[in-house]
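Q: For what it's worth, my numbering labels the leading residue of the sequence shown as 4, then goes sequentially.
Honestly, the hints are just simulated from the structure, not real lab data. Wrong hints could be hidden among the right ones.
Stated by the list, open to error - FRET-style restraints, in silico, Cβ to Cβ:
(1) Thr9 x Gly57: 25 to 31 Å
(2) Arg44 x Gly12: 25 to 31 Å
(3) Val32 x Gly57: 16 to 22 Å
(4) Gly29 x Pro51: 27 to 33 Å
(5) Ala43 x Ser10: 17 to 23 Å
(6) Leu55 x Arg6: 14 to 20 Å
(7) Lys17 x Pro51: 26 to 32 Å
(8) Lys18 x Pro51: 23 to 29 Å
(9) Ala50 x Lys17: 27 to 33 Å
(10) Gln49 x Asp28: 16 to 22 Å
These figures come from a predicted structure and were not determined experimentally. All C-beta atoms, glycine included, are put in the ideal place defined by N, C-alpha and C.
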Amino acid sequence: MVRLATSIGVDLAKKVFKVKGTEADGCVVFRKSLWRPQFARFMATQAPSLVLLGTCANAQHRSLITVAFAPVGASNCSTQLRIQ
4 MVRLATSIGV DLAKKVFKVK GTEADGCVVF RKSLWRPQFA RFMATQAPSL VLLGTCANAQ
64 HRSLITVAFA PVGASNCSTQ LRIQ
């Protein structure tokens, strides 16, 4: 049985991103450390899920990359996130 993450938490940093996927009940599906180039490729392979992004100076750019993989009909992430 393949376990799919219903939410993905991303700690954004300069070089290595920490990514953690959990099921609806909170069970951890995966924990990964990804370099910048790996992050976009990894997100493209994930099923639609809630993505929680940590904040840093680079968070806005990474959130826009993540929105590119949102399913058709999904609400625009930029209206839900307050980016300062």
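Q: Now, for every hint given, state plainly whether the structure supports it.
A: Status of each hint after checking the structure:
{"no.": "1", "hint": "Thr9 x Gly57: 25 to 31 Å", "result": "violated, 19 Å"}
{"no.": "2", "hint": "Arg44 x Gly12: 25 to 31 Å", "result": "violated, 18 Å"}
{"no.": "3", "hint": "Val32 x Gly57: 16 to 22 Å", "result": "holds, 19 Å"}
{"no.": "4", "hint": "Gly29 x Pro51: 27 to 33 Å", "result": "violated, 19 Å"}
{"no.": "5", "hint": "Ala43 x Ser10: 17 to 23 Å", "result": "holds, 19 Å"}
{"no.": "6", "hint": "Leu55 x Arg6: 14 to 20 Å", "result": "holds, 18 Å"}
{"no.": "7", "hint": "Lys17 x Pro51: 26 to 32 Å", "result": "holds, 28 Å"}
{"no.": "8", "hint": "Lys18 x Pro51: 23 to 29 Å", "result": "holds, 28 Å"}
{"no.": "9", "hint": "Ala50 x Lys17: 27 to 33 Å", "result": "holds, 28 Å"}
{"no.": "10", "hint": "Gln49 x Asp28: 16 to 22 Å", "result": "holds, 18 Å"}
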